[in-house]
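Engineer: Since chain A is already given, all that's left is putting chain B on it; use the hints.
If you read the protein sequences in the order shown, they are chains A and B.
Heads up, the first sequence is in the numbering used here, so the first residue is 1 and it goes up one at a time.
Heads up, the second sequence is in the numbering used here, so the first residue is 1 and it goes up one at a time.
Derived lysine to aspartate or glutamate pairs resembling EDC-like cross-links, with alpha carbons at most 20 Å apart:
id: 1; chain 1: A; residue 1: K66; chain 2: B; residue 2: E108
id: 2; chain 1: B; residue 1: K77; chain 2: A; residue 2: D24
id: 3; chain 1: A; residue 1: K66; chain 2: B; residue 2: E47
id: 4; chain 1: A; residue 1: K66; chain 2: B; residue 2: E36
id: 5; chain 1: B; residue 1: K128; chain 2: A; residue 2: E30
id: 6; chain 1: A; residue 1: K102; chain 2: A; residue 2: D76
id: 7; chain 1: A; residue 1: K36; chain 2: A; residue 2: D76
id: 8; chain 1: A; residue 1: K102; chain 2: A; residue 2: E30
id: 9; chain 1: B; residue 1: K77; chain 2: B; residue 2: D92
id: 10; chain 1: A; residue 1: K66; chain 2: B; residue 2: D107
id: 11; chain 1: B; residue 1: K128; chain 2: A; residue 2: D88
id: 12; chain 1: B; residue 1: K128; chain 2: A; residue 2: E27
id: 13; chain 1: B; residue 1: K128; chain 2: A; residue 2: D24
id: 14; chain 1: A; residue 1: K102; chain 2: B; residue 2: D74
id: 15; chain 1: A; residue 1: K102; chain 2: B; residue 2: D92
id: 16; chain 1: B; residue 1: K77; chain 2: A; residue 2: E97
id: 17; chain 1: B; residue 1: K77; chain 2: B; residue 2: E108
id: 18; chain 1: A; residue 1: K66; chain 2: A; residue 2: D88
id: 19; chain 1: B; residue 1: K128; chain 2: A; residue 2: D89
id: 20; chain 1: B; residue 1: K77; chain 2: A; residue 2: E78
id: 21; chain 1: A; residue 1: K66; chain 2: B; residue 2: E118
id: 22; chain 1: B; residue 1: K128; chain 2: A; residue 2: E97
id: 23; chain 1: A; residue 1: K41; chain 2: A; residue 2: E78
id: 24; chain 1: A; residue 1: K36; chain 2: A; residue 2: D58
id: 25; chain 1: B; residue 1: K77; chain 2: A; residue 2: D76
id: 26; chain 1: A; residue 1: K53; chain 2: A; residue 2: E35
id: 27; chain 1: A; residue 1: K66; chain 2: A; residue 2: D89
id: 28; chain 1: B; residue 1: K77; chain 2: A; residue 2: D58
id: 29; chain 1: B; residue 1: K77; chain 2: B; residue 2: D107
id: 30; chain 1: A; residue 1: K66; chain 2: B; residue 2: D37
id: 31; chain 1: A; residue 1: K66; chain 2: B; residue 2: D92
id: 32; chain 1: A; residue 1: K102; chain 2: A; residue 2: D58
It should be emphasised that the hints constitute simulated quantities derived from the structure, not laboratory data.
Note that this is a predicted model, so its numbers are computed, not measured.
The lines below spell out each chain.
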Amino acid sequence: MRRVITISLAIAFLATTPVFAGSDFVEYGEGVTIEKAVSVKTLLAAPDDYVGKTVRVDGVITGVCKMRGCWMQLTDPETGNGVRIKVDDGVIVFPYEAMGRKASAEGVFQVITLTPEQVQARAEQQAGEPAQAEGEGCDKADQKKDGSGEGAGCDAPVQDNRVLVVHGTGAVIYS
Amino acid sequence: MSWRKLIIATHRDVGYFFAGLTVIYAVSGIAVNHIEDWNPSYVIRTEMGSVGELPAGDNAIMATAVLDRLGITDRPKSVVRMAPDQLKIFLDRRTLTVAVPSGEVLDEHARRRYAFFEVNYLHLNHGKGFWTWFADLYAVGLMVLAGTGIFIITGRKGLGGRGRWLLIAGLLIPIVYLVLVVWS
Chain A
1 MRRVITISLA IAFLATTPVF AGSDFVEYGE GVTIEKAVSV KTLLAAPDDY VGKTVRVDGV
61 ITGVCKMRGC WMQLTDPETG NGVRIKVDDG VIVFPYEAMG RKASAEGVFQ VITLTPEQVQ
121 ARAEQQAGEP AQAEGEGCDK ADQKKDGSGE GAGCDAPVQD NRVLVVHGTG AVIYS
Chain B
1 MSWRKLIIAT HRDVGYFFAG LTVIYAVSGI AVNHIEDWNP SYVIRTEMGS VGELPAGDNA
61 IMATAVLDRL GITDRPKSVV RMAPDQLKIF LDRRTLTVAV PSGEVLDEHA RRRYAFFEVN
121 YLHLNHGKGF WTWFADLYAV GLMVLAGTGI FIITGRKGLG GRGRWLLIAG LLIPIVYLVL
181 VVWS
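In isolation and in its complexed conformation, chain A is listed as follows:
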């Protein structure tokens, strides 16, 4: 029996050593397969050209869904503009601690038209504290009954009351 315990501990130890676990990035979901990213600037300039297409976006993670890790905000550090990467709840969970790290994400680009309630919640939020990072009101207006939402929360980029979202299938977060 001691032999069983020793072998179990050895397997657990080996599985957590850098040789097995480690590299300078962590892959989520199906990872990233497209070699060339579409810049956020290009997506924002002509979003309709990319709707329904699978794209890769690179940037810095400036926001993560705190409760479920079901979305992250990828921002171009040069311009401050970004795209919301929304994933299916539980399929991919973006860690809160990834905030500020560089990342690449891949998925189908979508444009979501905000409901009047979401537009109002957003306006109320923006009328609040100038340094407010993320608002409860917008997030609640964004929530479906099951709490999953579509990723059109407060700090998701908006153009003409439309939110730009990549329905993510995979991502790579760099350490």
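Structural biologist: Okay, now just chain B, sitting in the frame of chain A:
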């Protein structure tokens, strides 16, 4: 060894082996079930403050001024100008959202929730790799426990009596729920 002895021995040893993990997954399961009411993995606090008017300059100059005035010596992971009037400074489990140039700061800092972060890390399989395989093995182990468990007792309290009705009742609850909520 008779088949009954084999069933009992299997149930006993697999049960001992996975008892600890069952408790871990059960605790995490309750924690994650109530995600609407709390953040099961982190305690996140936000505070408003001010560091005074910021010096003119690029993001690095402003970030250095903010960190100096707050007495923070950690090196930021990144600094991003989100908008002309907003700068974000990302530190380890801490984000400073700074209004430019007024210097108002929203300081959001998080700590891992003791024990819950770790049990959720395992239960939600954030580690992937080895843990995926071990969690699969655990799932198989649970099926073995269920399959052997129902045959341990014979007689009135076993499958031929009360055990059968309890087994049916346990199966009926998820089926009725699905009929009423999902399939209706």
